[in-house]
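Two chains, two frames, a set of hints: combine them into the complex.
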Amino acid sequence: MRKEIRIAGFGGQGVVLAGYILGKAFAVYEGLEAVMTQSYGPEARGGSSSSNVVVSDEPIDYPFVLEPDVLILLSQEAYTRFRPTAKPDALIIIEEDLVQPWPEDRPLRIPATRLAEELGRRIVANMVILGFFTAVSGLVKRESVEKAIETTLAPRLVPLNRRAFATGYEYAQSLAVASYRSPSA
Amino acid sequence: MKGRGVLTGVHFMHGDHACAEGAIAAGCRFFAGYPITPSTEIAERLAQRLPEVGGVFIQMEDEIASIVAVIGASAAGARAMTATSGPGFSLMMESIGLAAMMEIPCVIVDVQRGSPSTGLPTLPGQADVMQARWGSHGDYEIAAYAPWSPQEMFDLTILAFNVADRFRIPVMVMADEVVGHMVERVVIPPEDQIPRWERKRPRYPAGDGFRPFAIEDEDLVPPMAHAGEGYRVHFTGLTHDERGYPDMSAETHHRLVSRLVEKVRRNASQMIRYDAYALDDAKIVVISYGCTARSARRAVADARRMGIPAGLLRLISLWPFPADVVRELARQAEVFIVAEMNLGQMICEVERYVSQPVKGVFHAGGAMIPPDPILQAIREVAFHGSRAGGGKTSAG
Numbered sequence: 001m002r003k004e005i006r007i008a009g010f011g012g013q014g015v016v017l018a019g020y021i022l023g024k025a026f027a028v029y030e031g032l033e034a035v036m037t038q039s040y041g042p043e044a045r046g047g048s049s050s051s052n053v054v055v056s057d058e059p060i061d062y063p064f065v066l067e068p069d070v071l072i073l074l075s076q077e078a079y080t081r082f083r084p085t086a087k088p089d090a091l092i093i094i095e096e097d098l099v100q101p102w103p104e105d106r107p108l109r110i111p112a113t114r115l116a117e118e119l120g121r122r123i124v125a126n127m128v129i130l131g132f133f134t135a136v137s138g139l140v141k142r143e144s145v146e147k148a149i150e151t152t153l154a155p156r157l158v159p160l161n162r163r164a165f166a167t168g169y170e171y172a173q174s175l176a177v178a179s180y181r182s183p184s185a
Numbered sequence: 001m002k003g004r005g006v007l008t009g010v011h012f013m014h015g016d017h018a019c020a021e022g023a024i025a026a027g028c029r030f031f032a033g034y035p036i037t038p039s040t041e042i043a044e045r046l047a048q049r050l051p052e053v054g055g056v057f058i059q060m061e062d063e064i065a066s067i068v069a070v071i072g073a074s075a076a077g078a079r080a081m082t083a084t085s086g087p088g089f090s091l092m093m094e095s096i097g098l099a100a101m102m103e104i105p106c107v108i109v110d111v112q113r114g115s116p117s118t119g120l121p122t123l124p125g126q127a128d129v130m131q132a133r134w135g136s137h138g139d140y141e142i143a144a145y146a147p148w149s150p151q152e153m154f155d156l157t158i159l160a161f162n163v164a165d166r167f168r169i170p171v172m173v174m175a176d177e178v179v180g181h182m183v184e185r186v187v188i189p190p191e192d193q194i195p196r197w198e199r200k201r202p203r204y205p206a207g208d209g210f211r212p213f214a215i216e217d218e219d220l221v222p223p224m225a226h227a228g229e230g231y232r233v234h235f236t237g238l239t240h241d242e243r244g245y246p247d248m249s250a251e252t253h254h255r256l257v258s259r260l261v262e263k264v265r266r267n268a269s270q271m272i273r274y275d276a277y278a279l280d281d282a283k284i285v286v287i288s289y290g291c292t293a294r295s296a297r298r299a300v301a302d303a304r305r306m307g308i309p310a311g312l313l314r315l316i317s318l319w320p321f322p323a324d325v326v327r328e329l330a331r332q333a334e335v336f337i338v339a340e341m342n343l344g345q346m347i348c349e350v351e352r353y354v355s356q357p358v359k360g361v362f363h364a365g366g367a368m369i370p371p372d373p374i375l376q377a378i379r380e381v382a383f384h385g386s387r388a389g390g391g392k393t394s395a396g
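Residue numbers (UniProt numbering), protein chains in the order written: chain A, 1 to 185; chain B, 1 to 396.
Please note that the accuracy of each hint is not assured.
To be clear about the criterion: a stretch of chain A counts as covered by chain B if any three or more of its residues have a C-beta under 8 Å from a C-beta of chain B, and this derived list gives those stretches [claimed, not checked]:
hint, segment
1, 16-24
2, 87-95
Label pairs and their computed distance ranges (CB to CB) [stated by the list, open to error]:
hint, chain 1, residue 1, chain 2, residue 2, range
3, A, P159, B, S269, 54 to 64 Å
4, B, P246, A, P59, 21 to 31 Å
5, B, D62, A, R81, 33 to 43 Å
6, B, R327, A, R81, 47 to 57 Å
7, A, P88, B, S355, 41 to 51 Å
8, A, L157, B, P195, 33 to 43 Å
9, A, A166, B, D62, 22 to 32 Å
10, A, A154, B, V53, 15 to 25 Å
11, B, K283, A, E170, 55 to 65 Å
12, B, K283, A, T80, 14 to 24 Å
13, A, R81, B, R4, 25 to 35 Å
14, A, L157, B, P121, 40 to 50 Å
15, A, R81, B, M130, 52 to 62 Å
Just so you know, the hints here were simulated from the structure itself, not pulled from any lab data. Every residue gets a Cβ at the ideal spot worked out from N, C-alpha and C, and that includes glycine.
Next up, chain B with everything else stripped away, as it sits in the complex (with noise of 0.2 Å):
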């Protein structure tokens, strides 16, 4: 294993280790963190795989001291990374709004715990995925990704990079403890078969009026020079103008932060991954992400062995959300079902887009939602027809 970046081949591997992997593979050579089960894995592999790629790991103070270290890593050219749980997710909010603001890419896992607080620290959740959204305060936008698998942990942790690179946003690996915890088996590409979106640097040489936040392109994106290069780059949380200066007024205010959110929006396309199953036909349209959307596969192909038209939309992105595919989908489906170990967030999401009943499958968390649940509420629509939507269901 030693020096070796990617570990192509194929593995048993642990949910976090392959995360970790997966940041490795990604070109991440940053990690400053503070274990929190159950993404403490992730910290603990990369303590040893940084050092052997020419990487550094440091194991800061507190969560806050950990995602400003990632930012200014990142500031200064590296790919980095952070990884926690809730109540560490919670304490990073505060600069995520400033990586946002200051269009610093970094990665965020957060392996999701039974909460709110301290909560059920071995146990899963789902619960962070509305704060992954609207967690800092003011306007801005993200992406986030929920794996359901090992498999997932690295992929889409490659993605997260990739994502946070290209459009200069964090970006959130909303994993969940099961999906954390499980060890299954993992497949690592060759090392050029790695995708690799760049970050768009300047096309000007140092010294010649570069304006690090002057918009060039119809993606919104401004080239980035890094800290030490030569080029004069002047990062601040306050609303900056062009040149990255300070300036209080109301219209660069307005034009900044719209063109954060626009940012996103407008290159939504290139960030939004979801999965179909059985979807074709589906009267019947289960929603879900992450590890309960395992659950959800499973009550989906014994709803169809019944012969009920149910079929399965995995979000894979839950930010930005696939607001196209689910209006698609309102055009065939009768009733919509949300599935989420959280007591309702992504279902809010859902109502947005849908004028079909809304039925939830919910648990506060502390045990992954087994089938069973799923198949009922699949069922009770079914046989009762849509009057029975719009209903909760608590699958505890």
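Bound-form chain A, shown alone (with noise of 0.2 Å):
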């Protein structure tokens, strides 16, 4: 079992610390093998930036991603960079008020941003993707992620944290319902 992760936008989304930390529910709370990669562009804030973790249940011996079964997606130009890379059959998840997906394509959405934002601080929307990906994926417990974001973050920034990540998850079980009744109507 060895699964590829990218997650990607731009600058100040938080990704590489999305990643950090599904990286670190891998490694440390599952006791699975997980490696964490980043790459980003010169800027502090407003350049591309991807975080790139593999899960393997055996050691891992190439570290990099090379063509994701899953995508986290961003920003407009981390979609165009890497939607041609996924898997035939990935998981695609995009923020969907700044990704506008091919007409033939079928990804999962989430209004990541907004929902930080209704949060008090868009800048939870990487935790908020997160609880979305952990509930959509099944590749990670819930608990695992929650465990690493108290372990990982100053202790004053874990509950708006653990509330952006819950969001994100029960957002994707009321779209589970919403899907699962669509076909009907």
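In structure tokens form, the structure reads like this:
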């Protein structure tokens, strides 16, 4: 079992932190092997940024993502650049207010930034989308990611980030109900 | 985290940070350096951590000053380290020879990037490995280790301090940008399980005719008195006698330099580290190190699944080079393959010790060599026999 996950957007959206927390959940709290690598442009904010997590049940030799099983995309540039690299059956998640997918594409959509703004800080959009991913992918336990959030962030930041994570997780659950109902509509 | 020396526990940790934590756990309390990608996170972490544990962090004006400050701190008794990348490593070379000549223990971390010159600041290379051995002028020997994971960034930094102190030599941690910047699980043991090799210290009280470079033991390592303890110590890069005083005679020079070299050779078995994968019945022996060894292990595993008798010797110590291990493998191997992210450096060392063909899988750097070109080289020699060996393959 080797799964390659790429989280990409622009600098300032917290994609590196999201990748770190996800990798930590796998490596420390699920007992799996995980490697995180990152790439970013020279800009502190606004440039392209991506974090890559490889998870496996055996030691990971080659640590980089080649053909993602999961893409979490928070900008149009990231979508355009990385969407073609995904495996045919990959799980694709987009920030629906920031990414306009190709007409034939059927990614999962979440307004992560809007949901984060409703919580008071748009900066936690990364945790919203991580919660959404956790719910829809089945790759990692909710508690593992929550523990990784708690042990990574400064204590004063934990409550808001946990709320953001829960918001994304619950949004996925509500969406699952909606999509289940839609065929009969 | 505040005030804790050893962060015992299971972490998901950046390679450069793991190196910094290894230094703290080893008892390093002095760092002098000049930031350079991809080693900067080591300095950054230590700038935060050293003051917490009563240590000293100094950002110097350049790399020449950095290594000299490290030598001074070590002469005064501290476990001291610097970290850099290729351009800074070049600047440090002269004084690495000074440390070797004065037998001052020190640890130099080189997180290698694409080179020569400024090269590729943010991308990996492994082309400084011969420089680690031969970069300063003159005859001397050092130890150098090549981590392949954040865990080894932690473990080998500790080993580097122990070897440096035990044998009074400069020791290099020859990391690369891939292991420096990757994040992976790092297990930090309890403080009492961190191995610690101490410096040999004078057996006589100060003022009793102490001769700082007099050899009393088989290991050729003189006991070390620290500056400020009352012993009369004199350190110089000039050829010196047992008192540490300059002596320009050919006889003293030959005796001193021969001992500096023999000191490492005689104790090499305590410094050499390597790992073996599927080597027992291997006819095709792949030799690799650092991040490239991760791809080599995958290539060897894939070759085994195809029924090809390949194995991997992973060099952990590049220097001293495990010559006896390679000679022993030469009794069973039909061909050797050396995979490294340079245009052929450690392959020269392998060729010194074997008579079989040695094939190289090389890349000048900028991206980690993936498993495919190594597997392809294995398959070529497996299907075409060793006649296909001896060539050089570019992984690009």
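Outcome of the hint check:
no.: 1; hint: 16-24; result: holds (count 3)
no.: 2; hint: 87-95; result: violated (count 0)
no.: 3; hint: A:P159 to B:S269: 54 to 64 Å; result: holds, 55 Å
no.: 4; hint: B:P246 to A:P59: 21 to 31 Å; result: violated, 53 Å
no.: 5; hint: B:D62 to A:R81: 33 to 43 Å; result: holds, 39 Å
no.: 6; hint: B:R327 to A:R81: 47 to 57 Å; result: holds, 50 Å
no.: 7; hint: A:P88 to B:S355: 41 to 51 Å; result: holds, 50 Å
no.: 8; hint: A:L157 to B:P195: 33 to 43 Å; result: holds, 37 Å
no.: 9; hint: A:A166 to B:D62: 22 to 32 Å; result: violated, 50 Å
no.: 10; hint: A:A154 to B:V53: 15 to 25 Å; result: holds, 21 Å
no.: 11; hint: B:K283 to A:E170: 55 to 65 Å; result: holds, 58 Å
no.: 12; hint: B:K283 to A:T80: 14 to 24 Å; result: violated, 48 Å
no.: 13; hint: A:R81 to B:R4: 25 to 35 Å; result: violated, 42 Å
no.: 14; hint: A:L157 to B:P121: 40 to 50 Å; result: violated, 32 Å
no.: 15; hint: A:R81 to B:M130: 52 to 62 Å; result: violated, 38 Å
The structure does not agree with the numbered hints 2, 4, 9, 12, 13, 14, 15 stated previously, though it agrees with the rest.
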